[in-house]
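Based on the sequences and whatever the hints tell you, model everything.
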Amino acid sequence: MKNNTILWLIIFVLGAVGLAFAAINRAGETWVQETHMSYVGISSDIVADGVEKALTAQDEDEAAIQKAVGSLSGIGKWAPSGSPEADVIVQTATALGHGDDVQTVEWTEYKTVPLPKQMELLRETENATAEQKAQLTATLRQEGIFVSSGRTIGVWLAALFTLAIMSFLVGDNPLYKTAEAVVVGASAAYWMVYSFYTGIVDKLLVGLWPGLARDWAVPGMQADAAWDWVYIIPAVLSIMLLWRLAPMGGWISRWPLAFIIGATAGFRMLGFLESDFIVQIQHTISNLWFELPDGSWDMWASVAAWVVLIGVLACLTYFFFSVEHKGVVGKTARLGIYFLMVAFGSAFAFTVMGRITLLTERFGFLFRDWLHVLD
Amino acid sequence: MMNFLRNLDRRWIFLLMGVAVALPLLLKASFPENPNPGAEIVFNTIENLPNGSRILLSYDYDPGSQGELMPMAMAFARHCAEKKHKMYFMCLWPLGEPMIQEAMNILRSEFPELKYGTDYMNFGYKPGNEAVIKNTVQDLHTLFGTDYNKTSLNQIPMMKGVKTIKNMKLIINCSAGDPGTKQWIQYAATPESIPIVAGVTGVQAPQLVPYLPWPLLGQLAAIKGAAAYEQILIEEYSQFEEPAYVDAAQSTTAAKQRMGPQFVAHLLMIGLIVLGNFIYFIDRRRGRA
Amino acid sequence: MIAKRTIPLLLAAIVGFLMLATYFVPETESYGATAMEMFIIISAAAMILGGGNLLKINLAKMSQRRPGWGYAGITLAAFIGTLIIGLFKIGATPTAAVPGHSWAAPIVQEGAPFWWIYQYMIVPLTATMFAMLAFYIASAAFRAFRAKNPEAILLLATAFIVLLGQVYAGYWLTNFLPNLQHLVDILPESDHAFAMIVGTQLEGGAAWWQVNYDGLSFAQFTTLQQEIVINMDASLNDWFWQFLNGLRLENLSDIIGEVPQKAGFRAIVIGIALGVVSTSLKVILGVDRSYLGSE
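Chains as they are written, first to last, in this note's numbering: chain A, 29 to 403; chain B, 9 to 297; chain C, 27 to 321.
Keep in mind that the hints were calculated from the coordinates and are not lab data.
All figures in this text were calculated on a predicted structure; none of them were measured in a lab.
Glycine residues also receive a C-beta, built at the ideal position from the N, C-alpha and C atoms.
There could be a bad hint or two in this list.
Stated by the list, open to error - If you anchor each label on the Cβ, the simulated ranges turn out as follows:
1. D186/B <-> N315/A: 26 to 34 Å
2. K161/A <-> L16/B: 44 to 52 Å
3. R172/C <-> D186/B: 30 to 38 Å
4. L31/B <-> T132/A: 52 to 60 Å
5. I28/C <-> D186/B: 32 to 40 Å
6. I28/C <-> I261/A: 17 to 25 Å
7. E200/B <-> R172/C: 42 to 50 Å
8. S243/C <-> F349/A: 54 to 62 Å
9. L275/B <-> T63/A: 46 to 54 Å
10. L34/B <-> N201/A: 23 to 31 Å
11. G125/B <-> W244/A: 22 to 30 Å
Said to hold, decoys possible - Within a straight-line C-alpha distance of at most 20 Å, the following computed SDA-like cross-link-like pairs (lysine to any residue) qualify:
12. K205/A <-> G107/C
13. K205/A <-> I83/C
14. K177/B <-> S201/B
15. K30/C <-> I261/A
16. K30/C <-> V264/A
17. K205/A <-> Y162/C
18. K92/B <-> F119/B
Encoded structure:
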């Protein structure tokens, strides 16, 4: 217990020194480049009056017009403000009496400035006076480059979370537990949001109620998309599945479950049979003789193919428990074990390799993005 | 000494591992990279396709394995862009979509001549794992309907003449587990004879070896595979060695930079196993005596 | 009874057989595709169910003040916060592709709050969780991997070879064994570039008459160059040279991957395939009904 207290004390002291260093080094500071976006266009609402059709006709050849007109989407017609295309949109809309319906949409996009570039700019002012530094900040601000407080806080939070998870190495503690609780909640919500938009909206809503989907979240859908009754089935099954959350009627979710399990069994059976059974056997026995370009025997390739064949048979013998592993069978099974051990040894090495890389990436984040000691 | 080792607090080992990774990283230790045959096969497969071939890139991984797979995914995108291949991105993991956006950021900034919709596009994510793969073989238009920008697939120029992934020359898959390369092999590559190359995590690589050399033409295994691929890419397209690319948000040498810590940590692992066994044998000998 | 057992069993059988039929009867492919469409939607619902379950469990934990209910509160706060920001696309801006609709923005859009949560919370937390295994695998290596018997020795020896072979250490440790570089080094300096390029081609499987250099074919090479090619080809195709070359750690680790590892994992793959096929058949035929629960 006492040991643990000392350990935590050391960690906190080191942490405090680290934080002081980090603060001096402008740790986590993240710059962004802003871009103002401005688009001029007409919304799809005035499609009926022909503006979008007329515009579509302008940039498509005759044959394509029919197709394009038949498949107008809900996006409308837009072009960057000030571009020639924007002028055409305004002119056409005005000519057709929709001059007032032309909209201008403006927003700002922020892109993170790559750290090496940020560091390079900072280095230029390393020995500069405070005035010169202020000058640089002002110049950059004019170019749309500035410190993003949101992202800087983000990097600090990310670093804190990284360290919080790592603190589990010393022992379980509230910081770790908090980080763990956050990741569970945030990840679950992330998955839920994704499945809602990509599964429920993009598939179910689009199939059942295309008009609503088009007006709301999938504007690019074809205007002529019609609803399809078939989607009632997954809608009902989905509701039945969500019924599990209700306190009673647990059996109701068996129907969608049966659907999922039946379908999975069906496609898996074929997938495994073909690619993991037939093709595997085919590859093991079909080519045991290899030749070099000059027609002579390729010894090593042929030996390798034979060893693979013998290895597969030996391992399968080991998996086969209907016969007692004695005598020849026992010896073959033994050989199979050796093959498996080599395979597992290699797999172990690859696993180690992978885990180390992940740690390197995390340290890289701490040193580079947060502490700025690497660039 | 032996007693200390026998009852060693495992936190000392944690510390050793931390130092083994952190120190080479801070010292920027680097070693020459010798590309392995696996990476060469993957590179040549993409390189030897005629310029402008249609390629499906499925990024099926999440931040949990981005250390290994991000460098490969970005190198794949750069290589395809150099070859002017038509890139069709998608993912079977919801957390894979931001990875595709990273790749598209590279295409936008490093290859401004390539245009979204004619040279590359993104189908985005769809839930359903194997079911999604099965339907990419049937009809991409019904499956996705729109791209990730919500533009109808009919209005995307590069979708002309593309009904299913059978119209594509190659599948490139970055895979961290299930669904991933195994499922692409089972439900698309094997039944439809579409060749596939993959960049996979260390955990997965050995499990995919049986599928080599067909339909899995080649695989980049773990960080070594990624570093080797980066090396070949740099040797063939030397501009990727320039500071503008090396210093990009997703560096062209990201994997190579991670090989330094890898070197030291591998030696540490071997050292730990040897030391552990040394203690074990001493104890066993004493026990017998 | 019918609704609780018979219909689910029938449903599983019908969908299962439909999936099998799509493989053999091309006419059924479109039905199979429709079933997969439904599968996709139900999978999405299943993920929503997962979120709902998390909510339910943690709410219960909090209301009953069970141990750790405070952390359940944090989970809930993170969950609900992320969910609201994501579902309502708070802070999303239009995109150049769809300027009129901010609802059509990508779910993870750089700069938007949902992106911020992804970038600064989900990425560091999940990435670090997986990275932690590097520490535990090191500790396990020290404590648990004992060379107790021949099998364990084989496993550890393979692991050592692969661990070394994948990094520069392997190259450096066994650089006394021959490779292409050695063959090139014994030639005069001026021929190095030529020898390296043709040597790489020969090593890649080309025959000596197929190599080319600088746009010239073998027949167009100088006599000296032709001699180099013939000599290198002889060395590279000498079985003993190949044997020694194969012992270099970086090559040995590749050979392990291509031969014994392939055999081992292929046998596992075949074994699993048989298992999956039999369990799938049991489900489709209604022999395995465990998914229906006990009722």
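Verification of the supplied hints:
1. D186/B <-> N315/A: 26 to 34 Å: holds, 30 Å
2. K161/A <-> L16/B: 44 to 52 Å: holds, 50 Å
3. R172/C <-> D186/B: 30 to 38 Å: Given range 30 to 38 Å: holds, Cβ gap about 32 Å.
4. L31/B <-> T132/A: 52 to 60 Å: At 56 Å between Cβs, range holds.
5. I28/C <-> D186/B: 32 to 40 Å: For I28/C and D186/B the Cβ distance comes to about 35 Å; the hint holds.
6. I28/C <-> I261/A: 17 to 25 Å: holds, 19 Å
7. E200/B <-> R172/C: 42 to 50 Å: Holds - the Cβ-Cβ distance for E200/B and R172/C, about 47 Å, lies within 42 to 50 Å.
8. S243/C <-> F349/A: 54 to 62 Å: The hint (54 to 62 Å, Cβ to Cβ) holds, given that S243/C and F349/A are roughly 59 Å apart.
9. L275/B <-> T63/A: 46 to 54 Å: holds, 47 Å
10. L34/B <-> N201/A: 23 to 31 Å: For N201/A against L34/B, whose Cβ atoms are near 26 Å apart, the range 23 to 31 Å holds.
11. G125/B <-> W244/A: 22 to 30 Å: holds, 23 Å
12. K205/A <-> G107/C: Between K205/A and G107/C the Cα gap is close to 19 Å, so the pair holds against 20 Å.
13. K205/A <-> I83/C: Since the Cα atoms of K205/A and I83/C sit roughly 17 Å apart, the hinted pair holds (cutoff 20 Å).
14. K177/B <-> S201/B: holds, 10 Å
15. K30/C <-> I261/A: holds, 18 Å
16. K30/C <-> V264/A: Given pair K30/C, V264/A holds - Cα atoms ~16 Å apart, limit 20 Å.
17. K205/A <-> Y162/C: Within the cut-off at roughly 18 Å; holds.
18. K92/B <-> F119/B: Measuring from Cα to Cα gives roughly 10 Å; hence the hint holds.
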